[in-house]
Structure formats: structure tokens, C-alpha cells
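Assemble chain B onto chain A, guided by the hints.
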Amino acid sequence: SAVISQKPSRDICQRGTSLTIQCQVDSQVTMMFWYRQQPGQSLTLIATANQGSEATYESGFVIDKFPISRPNLTFSTLTVSNMSPEDSSIYLCSVAEETQYFGPGTRLLVL
Amino acid sequence: SQKIEQNSEALNIQEGKTATLTCNYTNYSPAYLQWYRQDPGRGPVFLLLIRENEKEKRKERLKVTFDTTLKQSLFHITASQPADSATYLCALDEYGNKLVFGAGTILRVKS
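If you're matching them up, the sequences are chains A and B in order. Using this note's numbering, the first residue of the first sequence is number 108, and each one after it goes up by one. Using this note's numbering, the first residue of the second sequence is number 1168, and each one after it goes up by one.
This is chain B alone, in the form it adopts within the complex:
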């Protein structure tokens, strides 16, 4: 069966450190993978998209890697800040712009 797995436990890190979140998938062959941020009581907000032929994508303090052999994406936030605390969701395209979401990882950055 198709599955998307993200760290189920919350990730607690100290301000200034790099946060690394993992997204693993099975039985998908996505053309691209996306990461979203969701704050409590709000809809997800798009952060980054990485295509299957891209190894790495960066945007300011964010970096995403995509390994289609390992079927894994890593999402990094460098120099993390308390304002980065949120739930981070990965999503794969299935077909026709239809996205399938992982359950998300809660990130808590402590000052």
C-alpha cells in the first residue's frame, strides 16, 4: 500500500540549531515533493517544491533534499528561531495536481 511517513514525535531543538525533518514514502513515484508549514488553527502554507530530477533546493534558511532511490526527503531549517515552531507537512503529487499529505512533524524551537 502507498504510505507517507513523517516523524511522529515532536522535534524539540534549541534556538540557533539546525532542525532536520524526514519524509519517507513507499509505493509512490512522485514527479515532485512539497513541504508545507501549518500553524494551529490555520491552513497549510506552501514552503518549497522539489522535483524528481533535483537533488537539493534552497530558500533562505530552508533546504530540501530529495532522494528518489531512498524514497526520502529531508527538510532543514538552519539557524532556527522560536517563530519556526509549527507543524511541517510533506506532500507528494499523485496525479492531476492531487496531493497526498503526510501526518506532519511538530517542531518546537526553544529560546
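The following block holds chain A by itself, in its conformation from the complex:
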């Protein structure tokens, strides 16, 4: 199974600023995903991070708001841009083999 770390683990940000979340995996993986989990709700897929090409975004999520980088097979970043209080959430990265392995999450609070 893959071991995934995320940075930061939590942050408090001001409205209008941006935050970049890092996801590091201990092995090379083809597929990496970014999810959002709003308080009391389940996970919603934001995008699939593709190595060497642009991320594939789900309905309701756009690249300008959530730019993603995937420079190699072990690392990805998600930026939450121009934040508003509605972006307060837990952001999780995951990798897929047959099952998915999740990072510990980044807890974001936007004031």
C-alpha cells in the first residue's frame, strides 16, 4: 500500500488569498486524485492529476480556481485560489491502485 503525506496539515487563511497544498507519495503511481470534504459531508472529487498533462476536472470545478500540478509520478499540488469562506473544507489527495489510498488531509479554514 502507498504511504501519502500532505502539507500543510491545516491552515487558516484570509479571504482572497491562495493556498497550495502538497501531496507526496512514497512510490510511483499513475493516478492521483484530489478530493474535497466539506463539514459533515462525503468526499467530492475535484480532479484527476495526470502526470505530464493537464488535470481532468469534475463538473463544478475549474482550473482557474483549483490549479493542479503533477510534475512527476510521486508528487502533486493543488492550489485553492482567491479563497472565500465557502472553500473551508478538508482537502485530500489519494492514489489509486485497485483501491484508493488517502493522505491525511489538509484542513483549511478561510476567514
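One should not assume that every hint holds.
Unchecked claim - Selected chain A positions facing chain B (Cβ under 10 Å, derived; list incomplete): (1) G147; (2) Q148; (3) L199.
Claimed, not checked - Dumping the calculated DSSO-like pairs for lysine-lysine here, alpha-carbon to alpha-carbon at most 30 Å: (4) K1265(B) to K1224(B); (5) K172(A) to K1170(B); (6) K1238(B) to K1226(B); (7) K1265(B) to K1238(B); (8) K114(A) to K1238(B); (9) K172(A) to K1265(B); (10) K1265(B) to K1226(B); (11) K1230(B) to K1170(B); (12) K1265(B) to K1170(B).
What the hints assert, rightly or not - Label-pair distances were calculated between CB atoms; the ranges are: (13) S1175(B) to P178(A): 37 to 45 Å; (14) T1185(B) to I119(A): 24 to 32 Å; (15) P1249(B) to S112(A): 22 to 30 Å; (16) E1176(B) to I119(A): 27 to 35 Å; (17) Q148(A) to A1250(B): 36 to 44 Å; (18) Q1248(B) to P192(A): 32 to 40 Å; (19) S1278(B) to Q148(A): 24 to 32 Å; (20) E1182(B) to P211(A): 26 to 34 Å; (21) T1245(B) to T127(A): 28 to 36 Å; (22) E193(A) to D1206(B): 20 to 28 Å; (23) Q129(A) to E1261(B): 22 to 30 Å; (24) S188(A) to T1185(B): 44 to 52 Å.
These are computed hints drawn from the structure, not numbers from a lab. Yeah, the Cβ is synthetic: ideal placement off N, Cα and C, and Gly gets one too.
Then chain B, alone, in the frame of chain A:
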């Protein structure tokens, strides 16, 4: 529309009893279904995967059933313990390793 439903109310049971959680879905034809455990402030952890051609899967005190006719999966924890208290999520594959998650059921096991 596609939907995954899990018991929205928390399930409270006594230690030693069997906990049964339900996952119902509509308008999906998943090749497999997965169950995850999520503790507060942490990412989901994979528990079990059951394929469409499997009726039942077991792992230690856990048992999952999958009825593709009823479009339902049941997740059982036998001899439950307070340490089993957590939120349990079911997830279906949509395509390309993309998972869709239910909202989860909170399980509380009281000693």
C-alpha cells in the same frame, strides 16, 4: 440521477453486538464496491472491496455483501468494540478508477 445512499442517522450499538450498515445505489452499474473507515480529522482508510460477481467477502470481524439486483451492499462488524466507532463510507467505481462516495454512516459502539 445517480445516487448513493447510506444511513444518515448515526448507528448506536452495544459492545459485542453486530453492527450492520447499509449502502444503496441507483443508476450505477459498478464493477465493484468498496468500504472505507474514516476517523475524525483523518483521511479514509480502505477496508474491503467486493466485486459484482461476489456475493460476500470477509476479513476478520468484517463482512460485506453485495446484491446487484437489489443494488445494495451490507457491511457487518461482528463482536463490535468501542474502537470500531468511526464513520464508514461506501464507494462505487464509476470509470477509470474514479470512485463516487456515499455520505457515510457514523457508528458509535458503547461499552
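**Item:** Hint check against the structure, violated hint numbers in rising order
**Value:** Hints 8, 14, 17, 21 contradicted; others consistent.
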